[in-house]
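Trainee: The primary structure of each chain is shown beneath.
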Amino acid sequence: DIQMTQSPTSLAASVGESVTITCLASEDIYGSLVWYQQKPGKSPQLLIYGATILEDGIPSRFSGSGSDTQYSLKINSLQPEDFASYYCQNGLSTPWTFGGGTKLELK
Amino acid sequence: QVQLKESGPGLMQPSETLSLTCTVSGFSLTSNGVGWVRQPLGKGLVWMGTIWAGGSTNYNSAVQSRLSISRDTSKSQVFLKMNSLQPEDTGTYYCARQVRYYDGYYHAYYFDYWGQGVMVTVSS
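Heads up: the sequence lines are chains A and B, in that order. The opening position of the first sequence corresponds to residue 2 in the numbering used here, with each subsequent residue numbered one higher. The opening position of the second sequence corresponds to residue 2 in the numbering used here, with each subsequent residue numbered one higher.
Keep in mind that the hints were calculated from the coordinates and are not lab data. Glycine included, each C-beta is placed from N, C-alpha and C at the ideal position. Misleading hints may appear alongside valid ones.
[As the list claims (entries may be wrong)] Covered stretches of chain A, going by a simulated chain B footprint (3 or more residues, C-beta under 8 Å):
#, segment
1, 22–33
2, 47–60
3, 93–104
[As the list claims (entries may be wrong)] Result set (DSBU-like, lysine-lysine): computed pairs, CA atoms no more than 35 Å apart in a straight line:
#, chain 1, residue 1, chain 2, residue 2
4, B, K6, A, K104
5, A, K75, A, K104
6, B, K44, A, K40
7, B, K82, A, K43
8, B, K44, A, K75
9, A, K104, A, K43
10, B, K6, B, K82
11, A, K75, B, K6
12, B, K76, A, K40
13, A, K43, B, K44
14, B, K44, B, K82
15, B, K82, A, K104
16, B, K44, A, K108
17, B, K6, A, K40
18, A, K40, A, K108
19, A, K43, B, K76
20, A, K108, A, K43
21, A, K43, A, K75
22, A, K40, A, K104
23, B, K44, B, K6
24, A, K75, A, K108
25, B, K76, B, K44
26, A, K40, B, K82
27, B, K44, A, K104
28, B, K6, A, K43
Whenever a hint applies, use it, and build me the whole structure from the sequences.
Mentor: Written out as structure tokens, the structure reads:
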């Protein structure tokens with residue numbers, strides 16, 4: 002199975018700041034990396050797939066990058082609604098494994 | 002628009018069999034896959050299994066021996082059945098549409114629409 006390791010597990014930031022969350026795959030996933038946002042009590046929402054492709058309707062302050070085993074999610078100019086948990090997912094092969102999550106909190 | 006909604010019992014006893022239904026609208030089960038993802042309280046996401054547009058299934062090996070996913074395309078419903086429930090099966094169960102992105106070289110499978118989730122507690 003492909004293991005997905007996210008860092009950090011939690012992160013405190015202020016509105017207007019930029020943050021980066023990283024995801025490390027245990028093997029090359031050839032850009033098949035997916036990012037989700039989950040707010041408390043809500044279901045996950047798709048942000049980015051194919052490592053860099055922004056889902057329709059997602060603000061452009063979200064961006065994804067990376068290749069091989071290392072991937073990043075960057076959020077520019079944090080807005081109040083961005084404080085949530087973020088998960089990466091291996092989209093290459095089954096089992097579709099998720100990272101452990103990063104909780105982004107308001108400083 | 003695309004919607005998915007889970008339904009099923011909220012409280013189960015250990016060793017019982019869980020039956021959940023995912024009712025979808027806005028797309029056809031013969032065109033897209035539907036997966037089930039579990040989230041223990043306060044923890045991360047775990048994929049459990051997927052039924053694909055053609056009717057084939059994939060399961061997470063961690064639960065494969067206990068899990069069955071099926072569907073009724075005429076009713077736009079996907080079913081999850083998991084036997085021998087244990088307290089560690091407690092969590093929120095989501096169904097989600099699973100799609101494939103392919104650019105001619107690389108692909109990615111991902112969940113683009115999710116249901117609201119159903120909380121299942123396994124306790125005696």
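Trainee: Each hint should be assessed against the structure and marked as holding or not.
Mentor: Evaluated hints:
no., hint, result
1, 22–33, "holds (count 3)"
2, 47–60, "holds (count 6)"
3, 93–104, "holds (count 9)"
4, K6/B to K104/A, "holds, 26 Å"
5, K75/A to K104/A, "holds, 14 Å"
6, K44/B to K40/A, "holds, 13 Å"
7, K82/B to K43/A, "holds, 23 Å"
8, K44/B to K75/A, "holds, 23 Å"
9, K104/A to K43/A, "holds, 14 Å"
10, K6/B to K82/B, "holds, 16 Å"
11, K75/A to K6/B, "holds, 31 Å"
12, K76/B to K40/A, "holds, 31 Å"
13, K43/A to K44/B, "holds, 13 Å"
14, K44/B to K82/B, "holds, 22 Å"
15, K82/B to K104/A, "holds, 31 Å"
16, K44/B to K108/A, "holds, 22 Å"
17, K6/B to K40/A, "holds, 18 Å"
18, K40/A to K108/A, "holds, 17 Å"
19, K43/A to K76/B, "holds, 26 Å"
20, K108/A to K43/A, "holds, 22 Å"
21, K43/A to K75/A, "holds, 22 Å"
22, K40/A to K104/A, "holds, 10 Å"
23, K44/B to K6/B, "holds, 22 Å"
24, K75/A to K108/A, "holds, 18 Å"
25, K76/B to K44/B, "holds, 33 Å"
26, K40/A to K82/B, "holds, 28 Å"
27, K44/B to K104/A, "holds, 11 Å"
28, K6/B to K43/A, "holds, 13 Å"
In the structure shown, no violation is registered for any of the earlier numbered hints.
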